[in-house]
Amino acid sequence: MIRDTTAGAGAGRSAFPPTRQSAIIALRSGSDPERRRALDTLTGIYWKPVYKYIRLHWHRDSDAAQDLTQSFFLAVLERDFFQDYDPSRARFRTFLRTCLDRFIMNEDRAAGRQKRGGDHERVSLDFGQAESEIHLTVGEDEPDRLFELEFVRSLLSGAVDTLRQEYHTGGKQRHFDLFERYDLDRADSGEKLSYGDLAGEFGLTIETVTNHLAAARRDFRRIVLDRLRAMTASEEEFREEIRTVLGIDAA
Amino acid sequence: MSALSDDHLGSLRGLLDYPDLTGTRYEIRRKLAVGGMGSVYLAHDRALDRNVALKVLTIPDLSGERAARMMREAHVVARLEHPGIVPIHDVGRLSDGRVYYTMKYVEGATLEQFRQPETPLPDLLRLFQRVCEAVEFAHSRGVIHRDLKPANIMVGPFGEVLVMDWGIALAATLTRDPATTTPDSRSERASEAGHPVPGGESAGSYVPTPNTAAGTILGTPAYMSPEQARGETVDHRCDIHGLGAILYFLLTGRAPFEVFDSPASPDRIRKGEVTPPRTHDRRIPRRLEAICLKAIAPSPDDRYQSARHFTDDIVAYLDGLPVSAYRETPWEVALRWFSRNRFIVFIVVAYMVVRFLLLLWRGI
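Going down the list, the protein sequences come from chains B and V. Numbered according to my numbering, the first sequence spans residues 1 to 251. Numbered according to my numbering, the second sequence spans residues 1 to 364.
Hints may contain errors.
[Claimed, not checked] Calculated pairs, DSS-like style, for lysine-lysine (alpha carbon to alpha carbon, straight line, at most 30 Å):
1. Lys271(V) with Lys294(V)
2. Lys31(V) with Lys104(V)
3. Lys172(B) with Lys192(B)
4. Lys172(B) with Lys31(V)
5. Lys31(V) with Lys192(B)
6. Lys104(V) with Lys192(B)
Just so you know, the hints here were simulated from the structure itself, not pulled from any lab data.
Construct the entire structure; sequences and hints are all you get.
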């Protein structure tokens, strides 16, 4: 069974070492446990983009999309889909989406011959939450853009959860609260908030607020880059991804 | 897992790029722009309780060369104290060693955004005159901008004009050339006063400066001077071309080296082949077209030799006087004279009509 490595406590921690190597490369490892861990990491970040892509681009209802998402990741495991991936020819994300499109077309053809599911192994994924997020993506019609947007959403959401978990276990809850209040809530509400306001609200000095926020942003960046590195096969692709997906120039 | 909205994603993406301002008196607000070497952020200066624009190096800089360039940029701009040049407030290094500097935060529109088809031409020309004056001042301090374009000119809410982004500016070295400098020339007088002045008869006294950094040609292709595009050494007359390119934009709404919203071919830029402004719009006055074409002439020797001369022609045009770039026909001289003295002509004609009517009435 494939675990949802980004959901809940310990998200992303057990799936791959803290300083991540490329999960894409690990997929080609001769060691089964290592390949399995790599696939867990990929699934953890990609299952939501895959599910939402099937829902919105292929216009499948929730049940069909869940079924196809499960089948796709099981097929990846059973049929070694990603063994053919050549980093010099395309980004991994593009390759994965192409595999997904082919998979769905093949499944459609096979649908008349064989009923899917039934006695198959199931992947444990929280589709209810993914479905509740669908409204955030509606309106994006271009397939590449849709898949990329959902990939970024999944990447950053997982990073926020990992940061929360790290700070919770590390006794730095105040750091995360400040980060959440200033960098997450404020973005949503558009509220005008200064470090001075935060200092008053949390009973801290402005210097402490500045330091805590800087530390949280540093850690958030580290986590995001680690996760992104795991999703790329080469340093070149990694740098290209941070530029195009995250819009930043330096790692 | 947290459900992140698109607003969250935008904010978090920006966050990944935020510089660590620990130990400074600034707190970050949001990203404003991304430049060639660094990003510019809106930051709040807690000590003075005001917003500033904070520029910080964002690209890898293993050799330290870029940090040195940014520090040099800060020093170059800091010595340009002029109402038309964005002032630098502070310069320093972040805790991670990256160089940053803060400057005045200008709310307003870039000239690119400010120019609308319905904006009166004289208004645009008066703004442009102020740009020329700022550049002339920079030249008088031995500084060449090298990337003049509408996007680098800010028009503030009160009509103030500021030349921005001196990121690839160069502090040129002025040396006196006895063969080209006469004792009574402007540059001589200015040099005595401690203000080197390029241009005019003393243009040859500028030591040309290389136009490349680490093998890369600097500038913006659609507004670039041919000598920059060829990677040759440049002097202050590449800024004259830049000013001419801005005037071209003000007249036509497009860059001189632009084809269907994309930069023209490198070969065209290197040769300096531009479509005359009146080809785009026949209503553009011939005299203004001539001024513009002189400023963006392919050869620096054929351009205005100083920003002052360029400004003089713009002012002459606004005042209805002859301009050096255009030889008028007698008919055009008469029309311009008539246009400039319209009121006097009206008074004289009115007087003559009244006299004629009076004579006629007495005759009856």
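Sort out whether Lys192(B) lies within 30 Å of Lys172(B), counting only the CA atoms.
OK: Lys172(B) and Lys192(B) at ~25 Å, within 30 Å.
Tell me if the straight-line CA distance from Lys31(V) to Lys104(V) falls inside 30 Å.
15 Å, holds
Between Lys31(V) and Lys192(B), does the CA-CA distance stay at or below 30 Å?
This hinted pair holds, its Cα atoms lying about 16 Å apart.
Under the criterion that the straight-line Cα-Cα distance not exceed 30 Å, is the pair Lys104(V), Lys192(B) satisfied?
With a Cα-Cα distance of about 21 Å, the restraint between Lys104(V) and Lys192(B) holds, given a limit of 30 Å.
Is Lys172(B) close enough to Lys31(V), meaning Cα to Cα at most 30 Å?
Satisfied, since the Cα-Cα distance of roughly 27 Å is no more than 30 Å.
Verify the proposed pairing of Lys271(V) with Lys294(V), using a straight-line Cα cut of 30 Å.
Holds: Lys271(V) and Lys294(V) sit about 15 Å apart, inside 30 Å.
Of the numbered hints listed earlier, not one is contradicted by the structure.
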